[in-house]
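These protein sequence lines are chains D and H, in that order.
According to my numbering, the first sequence is numbered sequentially starting from -8.
According to my numbering, the second sequence is numbered sequentially starting from -8.
Hints in this document: simulated from the structure, not taken from any laboratory.
Only a predicted model underlies this, so the values are computations on that prediction, with no experimental measurement involved.
Hints may be right or wrong, so weigh each one.
Heads up, the list lumps identical chains together, so a pair's fine if it works in one copy or across two of them.
Derived EDC-like pairs: lysine to aspartate or glutamate, alpha-carbon spacing no greater than 20 Å straight-line [unchecked claim]: (1) 248 with 161; (2) 180 with 140; (3) 138 with 93; (4) 225 with 47; (5) 225 with 254; (6) 180 with 170; (7) 24 with 9; (8) 72 with 93; (9) 50 with 223; (10) 6 with 126; (11) 145 with 108; (12) 199 with 254; (13) 72 with 108.
What follows is each chain in one-letter form.
Protein chains: 2
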Amino acid sequence: MFTVIGERINTTLEKVKEAVEKRDADYITNDVKKQTACGATYIDVNAGARIGCEADDMKWLLDVIQGATDLPLCLDSPDPKILEIAYGRIDQAPMINSISLETDRLNAMLPFLKGKDCKVIALCMDDSGLPKHSDDIVNCAKTIVEKLEQIGMKREDIFVDPLIQPISVDANNGAMAVEAVKTIMQDLKGVHTTGGLSNISYGLPQRKIINRCFLLMMMAGGLDSAILDPMDNKIMAVLKTGELIAGNDSFCMNFLKSVRAGEIRS
Amino acid sequence: MFTVIGERINTTLEKVKEAVEKRDADYITNDVKKQTACGATYIDVNAGARIGCEADDMKWLLDVIQGATDLPLCLDSPDPKILEIAYGRIDQAPMINSISLETDRLNAMLPFLKGKDCKVIALCMDDSGLPKHSDDIVNCAKTIVEKLEQIGMKREDIFVDPLIQPISVDANNGAMAVEAVKTIMQDLKGVHTTGGLSNISYGLPQRKIINRCFLLMMMAGGLDSAILDPMDNKIMAVLKTGELIAGNDSFCMNFLKSVRAGEIRS
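Throw the hints in and build the complete structure from the sequences for me.
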C-alpha cells in the first residue's frame, strides 16, 4: 500500500504558524481530520518555524493532533532533542523526518534512532553537496541503509528520499530521480522510497500538473510513498489511478470506490 | 522526440465512416488540419470498415489527407494488397500499421515490407494468444525485431507495440506493460515502443484519466510513441509534461511554449 505522508501541519506555512501562535486548536483539529479523511497514512508535524518555541509548539501540536486522528505521526525536525521530547509524548510508533549522510546530522540522529520503535526518512545527501547523477543517489542510499541496519533498523522501516532537484536547474533532474528510485527499489529490496516531490517543479509555471505527472513516473519506477497534501484532490486522484495501473488495487476496488465517491474524474 | 500517431481518421468511427461514404472532403480536411496543429507526428489512416470498399476509400482518403497536411501517414490495414495500393499513392515514407507474429499476418506482411522505405508497428502477438507475462511480450518483441532485421529493416524504423490488455481483466496488465516496455527499450537498443494505450481502461469508468496516467507510467519505462487523439488537450498536456520530466525538453522550451499557449494547466 502507498504511504501518504500528509504535509500540511508545518509551521513554515503562514496559516499553521498563526494557529500555533494563537493556540488555535480548532484550526489544527479541523485540518488533521480532513487530511485523515482524504487518505493520509501519516500526519507530518513540523514545529520549527518559531525560533526558540519548537519544544513547546511541538508538544502542543502533538496533543491537539492526537486528539483529532488515530493516524501515526511523522515527527519532522532536524533536532534530536526535540524528537526525543516528541517521541515521549506520542501513542504509536512514529516516522522520523529525517536523517541524512551529512556528518553532523548523521552523528546526531543515529544515537537517537538506535533502539527506537519507529520508521525513518533517509535523505540521499552527504557532505559533498547535491547529487549530480542517479549513481550518486543510489550510493548514498546504500550507505545510509547500511548505517541504519547497523544500529538495528529493519529495511521495511526505512523510507529513502532520493532528494528531488528542480528540472528548471537541470533538464535531467526528473529522469535522474526516476532512475534512482528504480535502482534503489531493485538493489535494496524491502526498502521504501518517498519524497517531497514538489521540488521538481520549482521555478516553473503550472507546477501542480508537473508534480502530478512526476508522481506517476516515480510510481512507475517503484515509488511507494510521498510527502504531499492529501487535500489536493487531483494529486490524490492520480495517486489512486497510479496504484490501479501499478497492479496494487485488486479487482480495481479502491479505484471504483473513489470513482463512486466522485473523487476521480476524467 | 515523442512520436504521436493521430488516430482519428478511422472508418470504424461513425462520423469518419459517414464522411467517407459521402465523400465529404471538408470533414476529413478539417480533422486532419486540426490533428496536425495539435501536434501529431503521423496521421493514421484506416479505411477498413466499409466491406468491399477499402481500396477505393483508402485511395480517396489518401488524396484528401495529403492535400490537408505535410505530415507522413500511418497506413492502417491488415491487407498487404491495400497497403501496396496505398504505398504507391503517397508522397513520403509512411509507417505501416501493423505486423505481428501471427503466422498468417507475418507471412503476408514480410514480403510487402521487404525493400520498402517505411517504418512499421510490430505487435507483440503470436499464434499462442494474448501474452500473460512481460517475458512473453519481450520474447515476442525480440523475435519480431529479428525477423524484420532479416529482411533489411533498421531498428530505428521499428515501433514495437507491447499489446495493451485491460486492467479490468487482470490487475497486473498495467504493470506487465510498463515492465515490458522497460525491458524492450533496454534489451533492443534503438527500437521504438508505441501502442494504442486506451485498451488499458476498457471496462472501467473515467477511462481518460486512466489512459493519461498510464501514458506517463509507460513514458517512465521509456515509451517514445503512442497512437492517440492529438485533439484531446488533456492527454497532450500530460504528454508534454512527461517529456519535460523525462529530460527530453531542453531548457523546458516546449513546456513553457505550451503553457504560454494555454495548452497546459495545473
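These are the hints, each one checked on the structure:
no. : hint         : verdict
1   : 248 with 161 : between (39 Å within a copy, 18 Å between copies)
2   : 180 with 140 : within (13 Å within a copy, 38 Å between copies)
3   : 138 with 93  : within (13 Å within a copy, 53 Å between copies)
4   : 225 with 47  : neither (35 Å within a copy, 47 Å between copies)
5   : 225 with 254 : both (8 Å within a copy, 18 Å between copies)
6   : 180 with 170 : both (16 Å within a copy, 17 Å between copies)
7   : 24 with 9    : within (19 Å within a copy, 55 Å between copies)
8   : 72 with 93   : within (18 Å within a copy, 67 Å between copies)
9   : 50 with 223  : neither (27 Å within a copy, 51 Å between copies)
10  : 6 with 126   : neither (39 Å within a copy, 52 Å between copies)
11  : 145 with 108 : within (10 Å within a copy, 57 Å between copies)
12  : 199 with 254 : both (17 Å within a copy, 14 Å between copies)
13  : 72 with 108  : within (17 Å within a copy, 70 Å between copies)
Hints 4, 9, 10 from the earlier list are contradicted by this structure; the remaining hints agree with it.
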